[in-house]
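K.L.:
Could you build the full structure based on these sequences and the hints that come with them?
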Amino acid sequence: MSSKSKETIRGKAAVIGIGMSPVGQVPGKSPLWLAANAANKALADAGIGRDQVDGVLCGHAFAAPFHRFSVALSEYMGIRPTFSNTLQVSGATAATMFNIAAAAVNGGLAETVLIAGGDSLLTGMTPDMALRSMTESRDQQYEMPFGIPVSNTFAMTAHRHMKDYGTTAEQLAMVAVTQRNHALRTPGAQMTKPITVEDVLNSGLVTTPYHKLDCSLISDGGAAFIVTSAERAKSLGIKKPIYIMGGGECYTHEHIFLMPSVTTTGAVQSSKLAYDMAGYGPKDIDVAGVYDCFTGTVIMVLEDLGFCPKGEGGRFVQDGGMTYGGAVPCNTNGGLLSFAHPGIPGALFHFHEVISQLRGECGQRQVAGAELGLVHNLGAGFATAATTILGTENTL
Amino acid sequence: MISMEEAMKKPLPTPDGDSAAFWKGLHTEGKLLLQHCRKCGHIQYYQQGYCRQCGAEDLEHRPASGRGKVYSFSVVYRAPGPAFKGDTPYAVVLVQLDEGPRMISSMVDCDPEKVAFDMPVQLVCRKAADDITLPFFKPL
Ligand SMILES: [Zn+2]
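Just so you know, the sequences run in chain order A and B.
According to this note's numbering, the first sequence is numbered sequentially starting from 1.
According to this note's numbering, the second sequence is numbered sequentially starting from 1001.
Just so you know, not all the hints are guaranteed correct.
As the list claims (entries may be wrong) - Here are the simulated EDC-like pairs of lysine to aspartate or glutamate, each with C-alpha atoms no more than 20 Å apart in a straight line:
| hint | chain 1 | residue 1 | chain 2 | residue 2 |
| --- | --- | --- | --- | --- |
| 1 | B | 1010 | A | 139 |
| 2 | B | 1009 | A | 128 |
| 3 | B | 1010 | A | 128 |
| 4 | B | 1069 | A | 164 |
| 5 | A | 12 | A | 371 |
| 6 | B | 1138 | B | 1113 |
| 7 | A | 163 | B | 1113 |
| 8 | A | 212 | A | 128 |
| 9 | A | 163 | B | 1118 |
| 10 | A | 212 | B | 1118 |
| 11 | A | 212 | B | 1113 |
| 12 | B | 1009 | A | 361 |
| 13 | A | 240 | A | 254 |
| 14 | B | 1085 | A | 128 |
| 15 | A | 240 | A | 361 |
| 16 | A | 239 | A | 361 |
| 17 | A | 234 | A | 111 |
| 18 | B | 1024 | A | 139 |
These are calculated hints, taken from the structure and not from any lab test.
A quick note: this is a predicted structure, and the numbers were derived from the prediction, not measured.
P.N.:
Spelled out as structure tokens, the structure:
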């Protein structure tokens, strides 16, 4: 069915406010504080009060005991929404929040949606507990008894990618090096020291083929956004609304051993849905946020998003395809590998960065003339995939 | 969030209505049971009430040969929490069983750093608790 013939969210919702809490090591601040701090900044950025928020979408926080984080956050902030949910599709949750918020404001479920996340994986939990908590997301019968960290599920996919396509450890490392270079220009980034390919290869094995510097950070932090209808964005006089142009999701398996292909991910399908809805293709994307829990994940997903042919992700990265001057500058804030990764907020930071790029507010790391951006989130050993395409008014 | 006390223990399966026969097969007979669909012929791991290919409920347990190959693997140097710290390094493997399905396990009786792609492997049953036996693999 042609997407043009059916009603979609394309261009009908806009992000009118963005906010971020302090990130990295933020001791003494709860996940709710981090989310509320970011939310207050997003409200101020949009120029509206919390009384105007009638929808709240959140992800879960590992370091907070709430089963209904979105409801807890609403109470914490003194908001009584008439639309709310706490979503859980692991690392893909952030993009689903944007897609769902766009649908909600166009389906009459809410007028103004607050998207927020906050977590304190670094100072709110011991390192052992943070790792074990993430492992708890694997299946208790058929995966966990074998000591499989969630990192291991991603490691096995990258490992097979190396065997099938000749992707090298140096190419994986190049993802970390590229993103570290990006982080050097990002105020507030957790990692600020330049690294080389050798540094990555010498950083100690975590789970083959991944070394410590192939793995994303453990951080504290929060991020928040205000989404409303395109009409309301106009009537509020928002200077530069960023429109949600397309969204797509794909869920191929739950257990890693049932992943249909170990080297091709749900990003193929989720991005196709988003591209078709937006009416754009991979060549049109000016800037991207690609979920980077591990270096190899980025290489596989760059292929699946159509930025390079299957199997050539390693070469693409080595040749500078994901940095300034390349085909599509990715993770220009440093990403989960070098900016910060506090769980759900980590992927929200990708949105914060891509939206900031589209608003032209990135200073020395600005991608010149960025009008169309893509964020791809994924999680749980590629079990979940969600893509959102965002654009300026010129892309409508 | 789990408690520190819980995190010190290795996680063990809690069999349910779908999986009781599977765990019993391992524990009492040393057999890895796969489900064969009588309607479409699909062979599946793990155990559940419906065929994942055609939706039929007519499923039969048959023991696997216990042989397979390493489709992918990752050697763990940094344990996922305190319970596995004493085991590192160990090789987690994605085994492609001769019957077709893939499963997650880990290698025993071998140098984890010698595990390789397409390496032939053989099932090894190891008792993990009074009522639970886990399916591991060793080089064939
Ligand atoms: Zn069947």
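K.L.:
Can you give the numbers of the hints that this structure goes against, from lowest to highest?
P.N.:
Structure breaks hints 10, 12, 13.
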